[in-house]
Each structure stands twice: as C-alpha cells, then as structure tokens.
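Same order as they appear, the protein sequences are chains A and B.
Residue 224 in my numbering is what sits at position 224 of the first sequence, and the numbering runs on without skipping anything.
Residue 47 in my numbering is what sits at position 47 of the second sequence, and the numbering runs on without skipping anything.
Any given hint could turn out to be false.
Interface residues of chain B toward chain A, partial, derived using beta-carbon atoms under 7 Å [said to hold, decoys possible]:
no. : residue
1   : A15
2   : R16
3   : I17
4   : F37
5   : L60
6   : A75
7   : N79
8   : P81
9   : P91
Hints in this document: simulated from the structure, not taken from any laboratory.
Quick reminder that beta carbons are idealized off the backbone N, C-alpha and C, glycines included.
Listed below are the residues making up each chain.
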Amino acid sequence: MSDLTDLTIAEARGKLRAGDLSAGELTEACLEAVEGSGKLNAFVHKTPEIAREQAAAADARLKAGAAPDLCGIPLGIKDLFCTKGVASQAGSAILNGFKPEYESTVTRQLFEAGAVMLGKLNMDEFAMGSSNETSTYGNAVNPWRAGNSEAALTPGGSSGGSASAVAARLCLGATGTDTGGSIRQPAAFVGITGLKPTYGRCSRWGIVAFASSLDQAGPMTKDVRDAAIMLGAMAGHDPMDSTSADLAVPDFEAALTGDIRGKIVGIPKEYRMEGMPQEIEDLWTRGKEMLRDAGAELRDISLPHTKYALPAYYVIAPAEASSNLARYDGVRFGHRAKLSQGDGITEMYEKTRAEGFGDEVKRRVMVGTYVLSAGFYDAYYNRARKVRTLIKRDFEQAFDSGIDTILTPATPSAAFELGQTFDDPVQMYLNDVFTVTVNLAGLPGIAVPAGLDSKGLPLGLQLIGRPWEEGDLLNTAYCLERSAGFVEKPSRWW
Amino acid sequence: MSIDTETARRVAKLARIRVEDEDLPALAGEFSAILEFIEQLEEVDVEGVEPMTSVTPQRLKRREDVVTDGGQQAAVLANAPDAREGFFAVPKVVE
Numbered sequence: 001m002s003d004l005t006d007l008t009i010a011e012a013r014g015k016l017r018a019g020d021l022s023a024g025e026l027t028e029a030c031l032e033a034v035e036g037s038g039k040l041n042a043f044v045h046k047t048p049e050i051a052r053e054q055a056a057a058a059d060a061r062l063k064a065g066a067a068p069d070l071c072g073i074p075l076g077i078k079d080l081f082c083t084k085g086v087a088s089q090a091g092s093a094i095l096n097g098f099k100p101e102y103e104s105t106v107t108r109q110l111f112e113a114g115a116v117m118l119g120k121l122n123m124d125e126f127a128m129g130s131s132n133e134t135s136t137y138g139n140a141v142n143p144w145r146a147g148n149s150e151a152a153l154t155p156g157g158s159s160g161g162s163a164s165a166v167a168a169r170l171c172l173g174a175t176g177t178d179t180g181g182s183i184r185q186p187a188a189f190v191g192i193t194g195l196k197p198t199y200g201r202c203s204r205w206g207i208v209a210f211a212s213s214l215d216q217a218g219p220m221t222k223d224v225r226d227a228a229i230m231l232g233a234m235a236g237h238d239p240m241d242s243t244s245a246d247l248a249v250p251d252f253e254a255a256l257t258g259d260i261r262g263k264i265v266g267i268p269k270e271y272r273m274e275g276m277p278q279e280i281e282d283l284w285t286r287g288k289e290m291l292r293d294a295g296a297e298l299r300d301i302s303l304p305h306t307k308y309a310l311p312a313y314y315v316i317a318p319a320e321a322s323s324n325l326a327r328y329d330g331v332r333f334g335h336r337a338k339l340s341q342g343d344g345i346t347e348m349y350e351k352t353r354a355e356g357f358g359d360e361v362k363r364r365v366m367v368g369t370y371v372l373s374a375g376f377y378d379a380y381y382n383r384a385r386k387v388r389t390l391i392k393r394d395f396e397q398a399f400d401s402g403i404d405t406i407l408t409p410a411t412p413s414a415a416f417e418l419g420q421t422f423d424d425p426v427q428m429y430l431n432d433v434f435t436v437t438v439n440l441a442g443l444p445g446i447a448v449p450a451g452l453d454s455k456g457l458p459l460g461l462q463l464i465g466r467p468w469e470e471g472d473l474l475n476t477a478y479c480l481e482r483s484a485g486f487v488e489k490p491s492r493w494w
Numbered sequence: 001m002s003i004d005t006e007t008a009r010r011v012a013k014l015a016r017i018r019v020e021d022e023d024l025p026a027l028a029g030e031f032s033a034i035l036e037f038i039e040q041l042e043e044v045d046v047e048g049v050e051p052m053t054s055v056t057p058q059r060l061k062r063r064e065d066v067v068t069d070g071g072q073q074a075a076v077l078a079n080a081p082d083a084r085e086g087f088f089a090v091p092k093v094v095e
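Here chain A stands alone, though its shape is the one from the complex:
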C-alpha cells in the first residue's frame, strides 16, 4: 500500500492545491489499494473508469485554481446511494442489475465538488443489520484483528463496507447512512470517525429508503476535520426532498477551534447498562476526564425513556420499511421471479419478494406489516410514535437545562466475530442501544475512536449535539480526538 492512501482529506487537499500531488496519482494509489483488498469485500462494484475521468477533470480544475475542498479526493460510496449508470443495489438481490437513470443529491453534490468515486461499498441489505452479514454480496470484513487471532471480525453495519474501506486506507473517506446507528456503530468498530447529521441536514433524494423518518446520510472519515469537510459538501436544502431543511450550511471546518471551555457536557445515567463490559465503562470515564481537562463542565443528566428507544425503533423502522419496500414488486426494476403456468400477478409479487429479499429484510417487512395491520395499529405503531415524542422530549429538556453536548459510549462492545449465531434477532438489535435514541430524536451524533481494548480492537465514544449544531458537535469531537490521540491503524493482512 502506498503512503498516499494514508493521507487525510485535509492533507491531500493541501498537497493537491500546492501542486505536490495530482488527483490522478492519488486516485491510482487508491485504485491499487482497492484492487488488493478483495479479502475485505468492502468494494462490491468498482468504477475505475469513472474515477480516472473524474480525477482528470479534478486536475484540470485544480490547475485553474479555486478548486473546492473535495476536488480530486477519492471516495467510496455506500451501495444505498443511487449513482447514475452504476449498479446501486442497497446490498439486495432484489435490485440485481439495477442501474439508476439518475444521481442521488448527496453524490451529485460530492461529484460537483470534485470528488472522485472509486466504487460502491458493501452494506447490510437495505441497511438492515449491525454486522454487514445480511448483504447479498457476502460479509464485509473488518481490517482489524483481535491480537494474534486470524478470526474474521465484523466491521459493523449497516455501513460495514464504508467502515472497512476507510479503516483499511482504500479511500480517503466514504458516505454512510444511519437509521439506528449504521454510521456510528461501524465507525466505532473500525476506529474511524462517523457522523450522523441532524435529520434533514442532507437530502435523502436518491438514497434507497429504509425508514424515511429516521434515515440520514453522513460522512465516514479518518478524522474529525475530514468529517467536517465532507459534511459541508453533502449537506444543504434540496427541493427534491421536502424534509431537507432550508437552512444555510455553515462552514463546519471553521467551527473546529479546539476551544470547548465553558461548554456543558451531559452524562446520561441511563446509558450505564447492566452487563456493560468494564472496558467500555473505563473508556467512558476517560472520555469524561478528557473533556473536563479541555475545560468543559460535566453534568449528570437523566434521559428517562432511553430504555424504550430500541423497542420503539423496532416498531417504527419496520413499519416504515414495510411501506417503503412495497415498491419491490418485480414490475419496474430489479428481480422478477420466473413464473409457473397459471401464475397471476399475486404469485408474481409473492415469488419475486420471497426470492429477492433476504431473511432479515423479510422479517422486518412482515413485522412492519403486522404492527400496521388493522387492530394493532394503535397498540403498536401509535404507541411507539408517542414514546418517540417522549424520547425526544427527554433530550429537549436536557438541552433546555443548558447542556451543550452529551457524551456516551458508541457501542456496547468492540467488534465481534463474523458468523456468530444468535438465539433470536433481538440480540443483534442490542448493538444499537446507544445510538438509536439519536435517530428517534432527529439529533446529530458522532462516533470518535478513543482507545483500544485489551485485545487491541478499537473502541469509540459518542457525542450527541443539539439540532443543527453540527459545528459545535464537531468541535467537541475534535477536542476529544486530540486528547485521545488515537493513531493506531490495522496492520495489513489482506
């Protein structure tokens, strides 16, 4: 692997603008790294021709001067984003062969800013999963290994390919999406930074929908500064998404002053979970100390409905998914089952969806169908939406009392082995216990790598911010990052 792929976006930006490096060279270095990364199974559709074309255009722009921040920066794109003329399957067999005729708003903005697309990244099917094991492409693999063990670890999910690719230095940054923790949990599992912005900050147009009231795109990068740079290019109002906020996009990078003196950091007591490993607890304590040493004031807070976030999520997300995924019917795009003599349209729907969807997706679509069905709508769906109101109110009350940022662990464990079997699906859902509240409340949240566990695996901390205050959140994350001084990288075995 060439050293060029070790550059952060900010470092590469400086070298590209200074003329010390060309977008073409940087892109070739990344393409070579991608070529040699088959064992990670992170890149599932490679686009070297597009990358070379975009790099040449970026070099011309750099030469002309006044190139945007991302000009010539090679990125990976999660398979959930529709990219024109390039396979976009959301990790599902039901979208086999689907090549969108249009470009998602987020990727369009990235490419207009001069970014280079290396290819599409592995993910859990329709972003439903926490280990990247529900993907039609097979598992993405974490570049980290526990001690001397050769056991393959999960990069987390659903943005597992994005996490693996950034941690393994295949690309300088990647897009992710986060419905219940799908950016922050994988970022924590591979020792990188992952930001879920405020709901509505980035347009959802052209991103395959999972649960529309929760889905939000965000950057996955090597450090906090890169997340600020990338978010700046991804964010902004889009007439094509009526829920995208019509707010000016601030200069997130300029917010990184490194000064958090006088900021009040809330420590929610409900995030101390029973059975939480001591290492996670210790990491959280160290995080508190780091922020206090940087001049922030720590304050204990209560978010009393935290416990009900996961069960509320597992009503709301499947309900929305069952509606969103109704479009996969074998008529307009993707897979259609081979029909037998006499089969009608209902058989076509049922066989197509049985063949095209994986087990976890089927399960969630059916759970969603059940909670929305006559007689259960009030008991499940409406009740969950009321609990969601209460979860959001918990945060509002904390912020109203003066809290600027909330510090929690990012995940209840380090990365676990691929192929573990669980007694029931709920056990996998517990991965999102610290992250899912943030989606339900529509808040921005960021995972920052903060240390290694005893097996040498990365662990992350999560910061939660006020709505639309990503700049402030990133600045606190920046202070945490500087104090933590996390510089470890996985050693190459792939």
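Fit chain B to the known structure of chain A by using the hints.
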C-alpha cells in the same frame, strides 16, 4: 403476545412474501420474540402524549402545482424486467 403459524401465514400474505408451510413455525417464533421485546412499550405512560409525526418542527415546503418533469419514457422503462411497446408488462390481471 405469542404469534401462531396462522397469524404468520396471514402476515406473510399481507406482505406479499411467499413463505413455505414448513418455514411458518420458525417465522412465528421469531415474530414472537420481536413482539415480546416491543411489548415493553406497554410500561410507558403515554396518556395525553401526541404521536410524533415530524421529528424536526417544520412545515413541509410547498411548490406550485405544475408539471416539472416528464417525457422520460425510455429512462423510466430502462430497468424494467419486462417492458413492451412503451409499457411495463405483467401477468394477466383481469380475466
């Protein structure tokens, strides 16, 4: 609530996903586990609480009710598993 195989069959039908008879008991078991987890929500006092409709307090933008797009038949049909003469083709719907 425990889900029986009949309910699992009915839900699969509503979701338009074919599930073979021999797979129904396992599916019912998984549903039951998930529903048991969800039923914790019954502990919460939601008296007088409005169900959330929008997570950010915003009025959805409106635009003029005019045609802004169209004339893209080829693009619309480009990914269809079966498109003929400018239409999506499906098995016979009406006898």
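Structure-based check of each hint:
The criterion of a C-beta within 7 Å of any C-beta in chain A is met by A15/B, whose closest approach is roughly 4 Å, and the hint holds. Because the closest C-beta pair between R16/B and chain A is about 4 Å apart, less than 7 Å, the hint holds. Restraint check, I17/B versus chain A: the minimum CB separation of about 5 Å is within 7 Å; hint holds. Here the hint on F37/B is kept, as its CB sits about 5 Å from the closest CB of chain A, short of 7 Å.
A distance limit of 7 Å between C-beta atoms decides the matter here; for L60/B the minimum to chain A is near 5 Å, and the interface restraint holds. Because the beta carbon of A75/B sits about 4 Å from the nearest beta carbon in chain A, less than 7 Å, this interface hint is met. Interface hint status for N79/B: upheld, as the beta-carbon distance to the closest one in chain A is roughly 4 Å, under 7 Å. Hint on P81/B holds. Least Cβ distance to chain A is approximately 4 Å, under the 7 Å limit.
For P91/B, the interface hint holds, the least distance from its beta-carbon to any beta-carbon of chain A being 5 Å, beneath 7 Å.
Going down the numbered hints, you'll see the structure goes against none, and every one checks out.
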